[in-house]
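Peer 1: Chains as they are written, first to last, in my numbering: chain F, 1 to 115; chain W, 1001 to 1116.
These are computed hints drawn from the structure, not numbers from a lab. Note that the structure is predicted; figures quoted are calculated from it, not measured. Mixed in with the good hints there might be a few duds.
To be verified - Covered by chain F, per the in silico footprint, the following chain W stretches (three or more residues, Cβ under 8 Å):
| no. | stretch |
| --- | --- |
| 1 | 1041-1047 |
| 2 | 1106-1116 |
As the list claims (entries may be wrong) - In silico lysine-lysine, DSS-like type, Cα no more than 30 Å apart, as pairs:
| no. | chain 1 | residue 1 | chain 2 | residue 2 |
| --- | --- | --- | --- | --- |
| 3 | F | K42 | W | K1078 |
| 4 | W | K1011 | F | K42 |
| 5 | F | K114 | F | K56 |
| 6 | F | K56 | F | K71 |
| 7 | W | K1017 | F | K42 |
| 8 | F | K56 | W | K1011 |
| 9 | F | K42 | F | K114 |
| 10 | W | K1017 | W | K1078 |
| 11 | F | K56 | F | K68 |
| 12 | W | K1078 | W | K1011 |
Glycine included, every Cβ here is placed at the ideal spot set by N, Cα and C.
For reference, the chains in residue letters:
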Amino acid sequence: GESVGLHLPTLSVQEGDNSIINCAYSNSASDYFIWYKQESGKGPQFIIDIRSNMDKRQGQRVTVLLNKTVKHLSLQIAATQPGDSAVYFCAENVDGSGNTGKLIFGQGTTLQVKP
Amino acid sequence: GAGVSQTPSNKVTEKGKYVELRCDPISGHTALYWYRQSLGQGPEFLIYFQGTGAADDSGLPNDRFFAVRPEGSVSTLKIQRTERGDSAVYLCASSLSGDPTAGELFFGEGSRLTVL
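Pulled out of the complex, with its shape left as it was, chain F reads as follows (with noise of 0.2 Å):
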């Protein structure tokens, strides 16, 4: 069956160095990836998202690469802050057509940010 992925539960990271947390997907028709954030007590947080036409994506600090050979997802934060520790989620849509909004999270990576 279809499922999303993490390969680690927690990563522990010094502050201002770079952050690469790891998704594994198994549904080869899936189009589109979001990664979010979630934080303690809240609801999960877009951070960006890419469609499988691409490769790479970049945002302000993070980035997205996507390796449909292996069905592989990264999320690379760039120069970790204190603030950016949380749970990083990946998540697919299911439907091809991107008509439901129905998406598989993975079971999330704890990020910690050591001072």
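Following the hints, complete the assembly by docking chain W onto the known chain F.
Peer 2: Okay, now just chain W, sitting in the frame of chain F:
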């Protein structure tokens, strides 16, 4: 309002009781979603509304769960005969168009349901 509003923020109930959870989406957003998040897990899709109609309810776990959006704005998730396994955070999200590839979903802070 400025964001997606969910009430109550916390609900404790006893097994077998009926529960309603309310979501007030961002004004003007036609698409509304309910997700459920168990402890230590990612959110799981429950149902999606486009306007007043449920466009996709394939994520509802069984017929004890039902959701409505009678006027195309506020939505209520209803759970009958609650079970301990229903304990989770119920998240609501809205988006302008309903096409997730056209922009992000805006999530509320969730309603934490605890069934004793």
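Peer 1: Does each hint hold? Answer for all of them.
Peer 2: The hints, checked one at a time:
Only residues whose C-beta sits within less than 8 Å of a C-beta in chain F count toward coverage, and the stretch 1041-1047 of chain W has 5 of them, enough to reach three; the restraint holds. Figure legend: the stretch 1106-1116 of chain W, annotated as covered by chain F; annotation consistent (5 residues with Cβ-Cβ distances under 8 Å, at least 3 required). Pair hint F:K42 plus W:K1078 holds up; C-alpha atoms about 22 Å apart against a cutoff of 30 Å. A C-alpha spacing of about 16 Å is found between W:K1011 and F:K42, which places the hinted pair at or below 30 Å, so the restraint holds.
With a C-alpha separation of about 28 Å, the suggested pair F:K114 and F:K56 falls inside the 30 Å cut-off, and the hint holds. With a CA separation close to 14 Å, the supplied pair F:K56 and F:K71 stays within the 30 Å bound. Among the hinted pairs, W:K1017 with F:K42 is consistent with the structure: their alpha-carbon atoms are about 26 Å apart, no more than 30 Å. Taking the CA atoms of F:K56 and W:K1011, the gap is near 42 Å; set against the 30 Å cutoff, the hint is violated.
Proximity of F:K42 to F:K114 is assessed by CA-CA distance (about 22 Å); at most 30 Å being required, the pair is judged to hold. With a C-alpha separation of about 11 Å, the suggested pair W:K1017 and W:K1078 falls inside the 30 Å cut-off, and the hint holds. For the hint linking F:K56 to F:K68, the alpha-carbon distance of about 11 Å falls within 30 Å, and the restraint holds. Using a Cα cut-off of 30 Å, the hinted pair W:K1078 and W:K1011 holds, with the two alpha carbons roughly 13 Å apart.
In terms of the numbered hints stated before, the structure departs from hint 8 and from no other.
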